[in-house]
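Enquirer: If you want the building blocks of each chain, they are given just below.
There are 2 protein chains.
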Amino acid sequence: MAVTKSRPRDAEATRARILKAAKAEFAANGLGGARVDEIAAKADANKRMLYHYFGSKEGLFKAVLEEAYLDIRDAEQELQLDHLDPEEALETLVRFTWDYYLANPEFLTLVNSENLHKARHLKESERIKVVSRRFVDMMGALLDRGARVGVFRSGVDPVQLNITIAALGYYYLTNRFTGAIVFERDLMTPEALEERIAFNVDTVLRLVRADP
Amino acid sequence: MAVTKSRPRDAEATRARILKAAKAEFAANGLGGARVDEIAAKADANKRMLYHYFGSKEGLFKAVLEEAYLDIRDAEQELQLDHLDPEEALETLVRFTWDYYLANPEFLTLVNSENLHKARHLKESERIKVVSRRFVDMMGALLDRGARVGVFRSGVDPVQLNITIAALGYYYLTNRFTGAIVFERDLMTPEALEERIAFNVDTVLRLVRADP
DNA sequence: CTCGTAACCCACTAGTTAGTTACTTACTGT
DNA sequence: ACAGTAAGTAACTAACTAGTGGGTTACGAG
Numbered sequence: 001m002a003v004t005k006s007r008p009r010d011a012e013a014t015r016a017r018i019l020k021a022a023k024a025e026f027a028a029n030g031l032g033g034a035r036v037d038e039i040a041a042k043a044d045a046n047k048r049m050l051y052h053y054f055g056s057k058e059g060l061f062k063a064v065l066e067e068a069y070l071d072i073r074d075a076e077q078e079l080q081l082d083h084l085d086p087e088e089a090l091e092t093l094v095r096f097t098w099d100y101y102l103a104n105p106e107f108l109t110l111v112n113s114e115n116l117h118k119a120r121h122l123k124e125s126e127r128i129k130v131v132s133r134r135f136v137d138m139m140g141a142l143l144d145r146g147a148r149v150g151v152f153r154s155g156v157d158p159v160q161l162n163i164t165i166a167a168l169g170y171y172y173l174t175n176r177f178t179g180a181i182v183f184e185r186d187l188m189t190p191e192a193l194e195e196r197i198a199f200n201v202d203t204v205l206r207l208v209r210a211d212p
Numbered sequence: 001m002a003v004t005k006s007r008p009r010d011a012e013a014t015r016a017r018i019l020k021a022a023k024a025e026f027a028a029n030g031l032g033g034a035r036v037d038e039i040a041a042k043a044d045a046n047k048r049m050l051y052h053y054f055g056s057k058e059g060l061f062k063a064v065l066e067e068a069y070l071d072i073r074d075a076e077q078e079l080q081l082d083h084l085d086p087e088e089a090l091e092t093l094v095r096f097t098w099d100y101y102l103a104n105p106e107f108l109t110l111v112n113s114e115n116l117h118k119a120r121h122l123k124e125s126e127r128i129k130v131v132s133r134r135f136v137d138m139m140g141a142l143l144d145r146g147a148r149v150g151v152f153r154s155g156v157d158p159v160q161l162n163i164t165i166a167a168l169g170y171y172y173l174t175n176r177f178t179g180a181i182v183f184e185r186d187l188m189t190p191e192a193l194e195e196r197i198a199f200n201v202d203t204v205l206r207l208v209r210a211d212p
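Sequences listed follow chains W and L, in order.
Numbers 1 to 212, taken from the numbering used here, label the letters of the first sequence in order.
Numbers 1 to 212, taken from the numbering used here, label the letters of the second sequence in order.
Any given hint could be a false lead.
Any copy, or any two copies together, can satisfy a pair, since identical chains are not distinguished.
Claimed, not checked - EDC-like mimics (lysine to aspartate or glutamate), calculated; alpha carbons at most 20 angstroms apart, straight line:
#1 K123 to E184
#2 K118 to E106
#3 K118 to E78
#4 K118 to D186
#5 K118 to E184
#6 K62 to D82
#7 K57 to D37
#8 K20 to D202
#9 K129 to D186
Keep in mind the hints are simulated off the structure, nothing from the lab.
Let the hints inform the model, and build the full structure from the sequences given.
Expert: Here you go:
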């Protein structure tokens, strides 16, 4: 009986607190650098609970990662791109991707960490495959629609375009620290961010726009 | 007296072996995941020597990182882009960047690791700043030359373009493991790699080409 | 030949770390 | 009301890890 009473012992809430703390810790230090005791402390939970709900440090990492992917794929679907005209829809997706990375920098670090481990945690997740397919299909439909109307050239691979849109924002933001040194500028001022997203929108539109 | 005689005790050679082993270990496991004992073993050197030459695990990481950056900046300068016409020069740089990442995947992981640590090791390196400036200047000169001749549009920011060229290859390659799952394809077959680099060259040229 | 110095090595330690054992406390269905 | 079960806790451990103490061995200058 799922009545919402205040429970001093709340399994769901404890689980959620652990997951949230783990996300922060894994994002800040990577899988190898993260400390299980630190996660338990930040979650204000006993370490035993962490093992009770997630089995192991890696099990916890897997849960964090899966949630992170499901979250971004969910948010993308809410954009309702098929209600917009193709160019507008594409710009919306480019800006969304950028804004999402900016608002959720942990996502970037988690993905980096998972790739350092050759995606062995994500590989096991069936749910990720389902939402990923929907994501690629969305881009495929958008490109087709744009080509039919004549604003996009035909033959653009939706996978390559998705990778490119992600790359343009992702690289700039994950490598903002070394980037600041190499390029001798603060890449995170409001002006710098504004300039970059405008550049990215321009790059993507020039890439798909029908040749005159 | 720098005579090249075969030395059973060769400080320079031992130092170099440690550096090479460290590069592999740090690239494979990150700064946090790397094991000092493993580095010493792989280098066929005593751990004491590692501390003798590099002071600490972090000192060693800093040396590895600095060398990695100097290497890529060196290789770029050898391209002699000013001997080529602008479009050819730009394509050469895009292809070089891609090939370099493919041939030196450790570079990508090291940069990721350094960004996880907010670039605190690179920040201290004066030599990196010198070669970085030369790198950005090279792109600035190329864009100017192309604009003067009329093949590139003017007003393209060399820093944004450098970031973009790096991003297009870097993202695809570092995230090849999660990418393979999300996009349900092997991103590393010869055909997939060929398709991607062609796409990247196309993307960059469309971006800078003078509007008709 | 021999002495000073730099290269090199083994074995240890102090502190962490993921994971566990053995328990108490509160909630729920009957 | 109470028995069974799930939530929660504290203290422990076995393995590991960065760093060092205290040497020995080879080389080359005089």
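Enquirer: For the identical chains here, do K129 and D186 meet the 20 angstroms Cα criterion within one copy, between copies, both, or neither?
Expert: between (37 angstroms within a copy, 14 angstroms between copies)
Enquirer: What label fits K57 with D37 when the C-alpha limit is 20 angstroms: within, between, both, or neither?
Expert: within (10 angstroms within a copy, 23 angstroms between copies)
Enquirer: With identical chains, the pair K62 and D82 could be close in the same copy or across copies; at 20 angstroms between alpha carbons, which is it: within, between, both, or neither?
Expert: neither (32 angstroms within a copy, 49 angstroms between copies)
Enquirer: Between K118 and E78, at a C-alpha cutoff of 20 angstroms, which is it: within one copy, between copies, both, or neither?
Expert: neither (30 angstroms within a copy, 33 angstroms between copies)
Enquirer: From the Cα coordinates, with 20 angstroms as the cut-off, is the pair K123 and E184 best called within, between, both, or neither?
Expert: So K123 and E184 pass the 20 angstroms test across copies only (11 angstroms; inside, 39 angstroms).
Enquirer: Within a copy, between copies, both or neither: where do K118 and E184 come within 20 angstroms Cα-Cα?
Expert: The answer is between: 15 angstroms across copies meets 20 angstroms, while 32 angstroms in one copy does not.
Enquirer: Could you figure out if K118 and D186 sit no more than 20 angstroms apart (CA to CA) within one copy, between two copies, both or neither?
Expert: The answer is between: 13 angstroms across copies meets 20 angstroms, while 32 angstroms in one copy does not.
Enquirer: If the cut is 20 angstroms between Cα atoms, do K118 and E106 qualify within a copy, between copies, both or neither?
Expert: both (18 angstroms within a copy, 14 angstroms between copies)
Enquirer: Between K20 and D202, at a C-alpha cutoff of 20 angstroms, which is it: within one copy, between copies, both, or neither?
Expert: Neither, since 36 angstroms and 41 angstroms both go past 20 angstroms.
Hints 3, 6, 8 from the list above are not met by this structure, while the remaining hints are.
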